[in-house]
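If you read the sequences in order, they're chains W and Z.
Position 201 of the first sequence, counted from 1, bears residue number 201 in my numbering, the numbering being contiguous throughout.
Position 89 of the second sequence, counted from 1, bears residue number 89 in my numbering, the numbering being contiguous throughout.
Calculated from the structure, these hints are not laboratory results.
Just so it is clear, CB atoms sit at the ideal spot from N, CA and C, and this is done for glycine as well.
Be aware that one or more of the hints could be misleading.
Residues from chain Z that keep clear of chain W, each with C-beta distances beyond 10 angstroms, as calculated [said to hold, decoys possible]:
hint, residue
1, Pro38
2, Gln87
3, Cys132
4, Val154
5, Thr158
Heads up, simulated DSSO-like pairs for lysine-lysine below, C-alpha to C-alpha not over 27 angstroms straight-line [claimed, not checked]:
hint, chain 1, residue 1, chain 2, residue 2
6, W, Lys333, W, Lys364
7, W, Lys899, Z, Lys161
8, W, Lys493, W, Lys504
9, W, Lys899, W, Lys691
10, W, Lys34, Z, Lys72
11, W, Lys737, Z, Lys160
12, W, Lys513, W, Lys160
13, W, Lys160, W, Lys493
14, W, Lys333, W, Lys286
15, W, Lys737, Z, Lys161
16, W, Lys394, W, Lys421
17, W, Lys421, W, Lys130
18, W, Lys364, W, Lys286
19, W, Lys732, Z, Lys161
20, W, Lys899, W, Lys737
21, W, Lys681, W, Lys606
22, Z, Lys160, W, Lys732
23, Z, Lys160, W, Lys899
24, W, Lys737, W, Lys943
25, W, Lys768, W, Lys691
26, W, Lys190, W, Lys160
Facing chain W, a subset of chain Z residues (Cβ under 10 angstroms, in silico) [to be verified]:
hint, residue
27, Val47
28, Gly60
29, Arg61
30, Asn106
31, Asp113
32, Phe114
33, Val115
34, Cys166
35, Gly168
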Amino acid sequence: MREGPSISRRSFIKLAATAGAAAAIPGCEPAARKLIPYVVPDENVIPGVPSFFATTCSECPAGCGVVARIREGRVVKLEGNPADPIGQGSLCARGQAALQGLYNPDRLARPQVRGGDGALRSVSWDEAGKMLGDRLAAASHAGRDRVAFFGSPQGPTLRKIALAFVGAYGSSRAIFYEAINQEPARVAAKTLFGRRALPSYRIDQAEVLISFGADFLETWQSPVELARQYSLFRTPHERHGTLAIGRATYVGPRLGMTASKCDDWIATAPGAEADVAWSVLNVLIKQRWVTQNSGLDLAALTRAVANFDPAATSARTGVPVETITRLGETFGKADGALAIAGTDDSSAHLAAMILNAVTGNFGKTVMFLEGSPAEETSTPDEVDAAVDAMRGGKIDALFIAGGNPVFTMPASARIAEAIRKVPFVVWAGGVPEETAAMANLLLPAHHPLESWRDTAPRAGIRGLGQPVMQPVFDSKPVGDILLAAAAGSSSAKLPWASAADAVKAEWLALAPKAGGADPEDFWVSVRREGGLFEEQHLAALSLDASALKAPAPVAAQPELSVYAYPHLFLYDGRGADKPWLQELPEPVTQIVWDSWAEIHPETARKLGVARDDIIEIKTEHGAIEAPVLVESTVRPGVIAVPLGQGHRAYGRYAKDVGANAWAILAAGATSAAATARATGKTRTLVSPLGKSDMMGRSIVEAMSIDQLARGVVPRSEAEEVTGPFEMYPPWKYPGHKWGMTIDVNACTGCSACVTACYAENNVPTVGKDGVDNGRIMSWIRIERYFPPAAEAAQAPQLYLAPMLCQQCDHAPCEPVCPVFASYHTEEGLNGQVYNRCVGTRYCENNCPYKVRRFNWFVPEWPAPLNLQLNPDVTVRGVGVMEKCTFCVQRIQFAELNAKTEDRELRDGEVVTACQQACPTRAITFGDSNDPASAMMRRREDNKLRNYRALEELNTQPAITYLRDLYREKGKA
Amino acid sequence: MNRIVLVLALSMLVLGGAVIALSQRPWAPRADVVQPIPFSHRVHAGVNQIPCMYCHADAGRSSEPGIPAVAKCVGCHGNRIAGGGIQPVTRAWTDDTPAAFEIQWNRVYTLPDFVRFTHRPHIHAGLPCQTCHGPVQTMDRVVPAFEINMGFCVDCHTEKKATLDCVGCHH
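The whole structure should be built from the sequences, with the hints applied where relevant.
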């Protein structure tokens, strides 16, 4: 051994530390921070004070209104627009996460051209524009219809621009593509009523609801609006002399979030929902539970349902006869009933519509409105024709703007092959995805939040989308790119110079309709309101009697089938580039950052696999691999796989996560016959979940509607609560004492609150490994528990409730903090002072609710994601504990407002981020010292349903929950 | 023996370095900053008696007091004054394509990122600006009059019976 210099490890560390300190001394005085004045101040901008702009959401076709909060020129939060009749002030998780699409670090920064070797080269906008113009001109010289537009629907004005664009180059090929469309519903409406319009729903006007595979609380049609209606439907109220809640039944292969909030889940194989629907209709007609004036020919209807005798349907689908007859009876006898369908075959939709029609519910729980806007999406036939034209070499230039067809189109469409046949493909968008990977020219397009656009989600509602900030990247609006390209054509005569002009012109044309207001005043008012919202009248319906032909029942179900459903957060795949959505646990499975194959324990036994084993799922269209999740939340013989993951591109957050379930489906289908085999590989499905069983503790509580009607308070098996026990004098709250009331019955588990909290409070994401190591940072989460099998009849299907800091009076976290970082505020909050915290994590260990989060790493927001950070909230550093603050910055803001206006704080002036986002208004926040506050009144009005989480621990939480309500199984 | 001395000396150095490093809080008010324009608060606020909030107009309605826009300077001065180093202002105003961010004032008062200070309630409570900023009207170049640390805030809050709740400023 060589004799080294005589310096021990200890001295080395000391030396190194000195060198570090010496290096730090001159550097510890950073350059002074800068203050940069305006040349001419913007009259709407006061640094430090937020401004708000009304705009519209573009994350799904529901078209909710949005109010964007802007600080110093950048948007920091999206909330629902209270003036908008659809969202009514709420916004789902996907809508709120649009911010991370805007600030996504992987957005295309400048135009790029793909060279012969496939490599991308950056070019200037001028060069790109010239190239585009030349290629388009060449294509149009080659003949008619050689230029095509293929994009996602972005509202009526962009549609006109796209049509003008292709028109300028002698073409009429413009396709507006939406992977998840409502085609089966439109086909059914066309068959029955001769119109391809979609109806509007009023779940709150019904007593009984049956959903045939429609995930109306998750992704179906307009989830925010329907969730709000559903919570009203489930609110206990007097009916027929007793307290009642609406009765809901879900028929479909998987117990998703929607099914879990219904009274009953009737597990059918995918595709068998229609059979059950027609059978329910059979029961209604046989029992004559029909109105006489529905306009339907009963004799024809009787013939149509002849094949769907409950016994026959039961034999085919495995659904018990009594279940079907009971469904028919409750539906037929109800004063207001609604059947909806969300399956991929139009026959279930047709049956649901007839069910509503024969019971006289059209115009009451479901309605067609006069003046429905023009259909936004192209029909599947039109899309197929366009893809065929590409494949046939009939298109020379293709402009793609949204929709990501290469990812979302089923394998059977062979879209990639078709695009390869097009000599020149232009792609305009944000984060380059699979489709961009095939383009010759890539153009950075404005995010919808940076562009002028409009929406017409349904009759009477027009949303106006205005840009809420200056563009983040060197991008252009899609409309402007199209118009500039069109203007280059010699034949063009365009009415507008830009998309902004086009939107304004289209809207000014509406001014006379709105009571003849001055056009400029009108323009100001629609921008302020976020659109034009008018009452609409019911459309007169005429039924086509010849439509009353039932389909031939499908006799045999495949032994094993795969059922693919849109992921609650990732939807058709567009949400996958947003870390908030990737890290949001899907409420029923609680899985993050992955795809999974959900199978019943019985199926798992047959396949010989356990949780985390990767299986290969093969259909006639393709094969994917995904880890298995074994739960009884899916029917035996069905493999349920969420759509949305499995991107091969689409930025760092989406790439190579999970598997793409679109690749194994046929066009327009959500299920397919499949085979599955174990691959021998495993991958851990990551979830922040602790236990799925409450072990008898009172975390989420429920009571039956009977108990509520009889005034019986259920006692959990947990230790009897002996009342508040005080050892020290109680806290005194001379001013406010903040508290919260959370109605578990209204909570659907949609997690809008969780995303709102991430946005408001600068909560970082930690990635899959971080979650696996228990380092998820969410301040509020959705707790999910399964009822024990023995109690399943006296319990809701799933226990779902938000869990956040309970702001205890006897807070276990406070006395264990050695440095008083965790302390009790004078308004009853469990304060957490970040700059005092030394990171012992004693508080986290002592918290029975497990709501405290520790920063194991320096949180990261790769630029420009950091632009989203809320300047009113400290960004916590490594080694610091953090937790829900009841949005103390909002409390401060409201209190200072009141103070500077010399008045008392009003009830409802402080709205926490979670409360604001909630589509069902499950959360109320307010002052416990004020018995008249809405929060306290809600407790008082629902006295029997009050409970506090883990009350037996005597933590004295400031949050009171209202018990979930369920209907005892087997009771009418 | 030598080694012990060496280790001791090094330890002293480490300790000393740490003390210096820790005592130099990067957010402490700075007396050494040089501004891009030799703007005199004495002339404006002292001699000419211009109220503070004529220029720092947002102090009463925002967390930030606001730095006056170039338009405000030009409002009084017009384009005439050319001397005294005001060129950056006139250039920003008269040039059709002004250099981006030409005028960059250096902050004299900064607070650490974990403190949320809001001017509005302090102005509303009737505190003169000088309470925290010192006799600015006598200064040609603004230098800090007080070291704004937590003690400085808490003393005043105690005296005025304002909130002493930690989360009032730390959230």
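Results of checking the hints against the structure:
1. Distance check on proline 38/Z: its Cβ is at least 16 angstroms (rounded) from any Cβ of chain W, clearing the 10 angstroms threshold; non-interface status holds.
2. Even its closest Cβ contact with chain W, about 14 angstroms, leaves glutamine 87/Z beyond 10 angstroms, as expected for a residue assigned away from the interface.
3. Taking the minimum C-beta to C-beta distance to chain W, about 17 angstroms, the non-interface status of cysteine 132/Z holds against the 10 angstroms cut.
4. Consistency note on valine 154/Z: stated as away from chain W, and its beta-carbon is indeed over 10 angstroms from all of that chain's, at 13 angstroms minimum.
5. With a least beta-carbon separation of about 14 angstroms from chain W, threonine 158/Z lies farther than 10 angstroms from that chain, consistent with its non-interface assignment.
6. This hinted pair checks out: lysine 333/W and lysine 364/W have alpha carbons roughly 15 angstroms apart, not beyond 27 angstroms.
7. A threshold of 27 angstroms between alpha carbons decides the hint, and for lysine 899/W with lysine 161/Z the separation of about 15 angstroms falls inside it, so the pair holds.
8. In summary, the hint linking lysine 493/W to lysine 504/W is supported, as the alpha carbons are separated by about 18 angstroms, within the 27 angstroms threshold.
9. Distance hint between lysine 899/W and lysine 691/W is unfulfilled; the C-alpha atoms sit about 46 angstroms from each other, more than 27 angstroms.
10. For a cut-off of 27 angstroms, the pair hint linking lysine 34/W to lysine 72/Z stands: about 19 angstroms separates their Cα positions.
11. Pair hint lysine 737/W plus lysine 160/Z holds up; C-alpha atoms about 23 angstroms apart against a cutoff of 27 angstroms.
12. With a C-alpha separation of about 20 angstroms, the suggested pairing of lysine 513/W with lysine 160/W holds against the 27 angstroms cut-off.
13. Of the supplied pair hints, the one linking lysine 160/W and lysine 493/W holds, its CA atoms being roughly 14 angstroms apart against a limit of 27 angstroms.
14. This hinted pair checks out: lysine 333/W and lysine 286/W have alpha carbons roughly 13 angstroms apart, not beyond 27 angstroms.
15. In summary, the hint linking lysine 737/W to lysine 161/Z is supported, as the alpha carbons are separated by about 20 angstroms, within the 27 angstroms threshold.
16. Taking the CA atoms of lysine 394/W and lysine 421/W, the gap is near 9 angstroms; set against the 27 angstroms cutoff, the hint holds.
17. Restraint check: the Cα-Cα separation between lysine 421/W and lysine 130/W comes to about 23 angstroms, which is no more than 27 angstroms; the hinted pair holds.
18. Simply put, lysine 364/W and lysine 286/W have alpha-carbon atoms about 24 angstroms apart, close enough for the 27 angstroms limit, and the pair holds.
19. With a CA separation close to 17 angstroms, the supplied pair lysine 732/W and lysine 161/Z stays within the 27 angstroms bound.
20. As the CA atoms of lysine 899/W and lysine 737/W are separated by approximately 17 angstroms, the hinted pair is consistent with the 27 angstroms bound.
21. Straight-line distance between C-alpha atoms of lysine 681/W and lysine 606/W comes to about 18 angstroms, which keeps the hinted pair within the 27 angstroms bound.
22. Distance restraint check for lysine 160/Z and lysine 732/W: the Cα-Cα separation of roughly 21 angstroms lies within the 27 angstroms cut-off, and the hinted pair is therefore satisfied.
23. For the hint pairing lysine 160/Z with lysine 899/W, the CA-to-CA distance comes to about 15 angstroms; that is within 27 angstroms, so the pair holds.
24. For the given pair, lysine 737/W sits about 20 angstroms from lysine 943/W by alpha-carbon distance, which is consistent with the 27 angstroms threshold.
25. As the CA atoms of lysine 768/W and lysine 691/W are separated by approximately 19 angstroms, the hinted pair is consistent with the 27 angstroms bound.
26. With a C-alpha separation of about 25 angstroms, the suggested pairing of lysine 190/W with lysine 160/W holds against the 27 angstroms cut-off.
27. Below 10 angstroms, beta-carbon pairs count as interface contacts, and valine 47/Z has none with chain W, the closest being about 22 angstroms; its hint is therefore violated.
28. With 10 angstroms as the threshold, the beta carbon of glycine 60/Z comes within range of chain W, its nearest partner Cβ sitting at about 8 angstroms, so the hint holds.
29. The beta carbon of arginine 61/Z comes within 6 angstroms of a beta carbon in chain W, closer than 10 angstroms, and the hint placing it at the interface holds.
30. For asparagine 106/Z, the suggested interface contact is upheld, since its CB lies about 4 angstroms from the closest CB of chain W, less than 10 angstroms.
31. Below 10 angstroms, beta-carbon pairs count as interface contacts, and aspartate 113/Z has one with chain W at about 6 angstroms; its hint therefore holds.
32. For phenylalanine 114/Z, the shortest C-beta to C-beta distance to chain W is roughly 4 angstroms, which falls under 10 angstroms, so the interface hint holds.
33. Given the 10 angstroms rule on beta carbons, the hint for valine 115/Z holds: about 8 angstroms separates it from the nearest Cβ of chain W.
34. Interface hint status for cysteine 166/Z: upheld, as the beta-carbon distance to the closest one in chain W is roughly 5 angstroms, under 10 angstroms.
35. A hinted interface residue such as glycine 168/Z counts as satisfied when its beta carbon comes closer than 10 angstroms to some beta carbon of chain W; here the least separation is about 7 angstroms, so the hint holds.
This entry does not satisfy hints 9, 27, going by the numbered hints stated previously.
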